[in-house]
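Trainee: Sequence:
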Amino acid sequence: MPLRIGAHPWPGYELLYLARQRGQLDPQQVRLIEFPSASASLRALAVRSIEGAALTLDEVLLARSRGIDLTVVAVLNESRGADVVLVQPGLQAPGALHGKRIGVESSATGALMLDAFWPVKAWPPETCRWWR
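The sequence shown runs contiguously to residue 131 in numbering that gives the first Met the number 0.
Hints are supplied without guarantee of correctness; some may be wrong.
Using C-beta positions, here's what the derived DEER-type ranges look like [claimed, not checked]:
1) A115 / V72: 37 to 47 Å
2) V86 / E13: 24 to 34 Å
3) P1 / L90: 44 to 54 Å
4) S36 / S64: 12 to 22 Å
5) L113 / A39: 18 to 28 Å
6) R65 / D114: 19 to 29 Å
7) V46 / P93: 17 to 27 Å
8) Q28 / S78: 41 to 51 Å
9) P1 / H97: 20 to 30 Å
Note that these hints are calculated values from the structure, not bench results. Note that the Cβ used here is the ideal one computed from N, Cα and C, for glycine as well.
Start from the sequences, fold in the hints, and give me the full structure.
Mentor: Pasting the structure below:
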């Protein structure tokens with residue numbers, strides 16, 4: 000049975016998809032399984048429907064804290080400030096988000112980004128509608 004590796008769309012993992020497309024992943028040995036998010040890969044690891052996943056270090060640490068026995072076997076890339084906050088056109092300052100619906104990834108990186116972005120805690124988080 001091939002080793003099942005989960006991955007989600009993210010620039011750092013595109014070489015895995017390219018290798019599969021070019022036939023450089025032997026389907027008898029490795030099966031790359033696409034998930035919509037790292038959270039979906041973590042759920043698949045938890046129920047053992049995959050044996051490995053392409054994850055960031057914070058995601059690995061989160062999984063291990065939840066009892067999923069993971070070992071990092073390769074570092075595929077290193078982030079150098081690629082995380083961003085995206086807003087709709089016309090929103091020019093963090094305060095413009097007051098009362099708006101805000102989407103945030105439920106991960107350590109998402110939490111760090113939100114904390115760094117939050118406009119000096121000028122308004123309470125419960126005044127926003129959160130989408131996770």
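Trainee: Checking each numbered hint in turn, tell me which of them this model violates, lowest number first.
Mentor: The structure conflicts with hints 1, 7, 8, 9, although it agrees with all the remaining ones.
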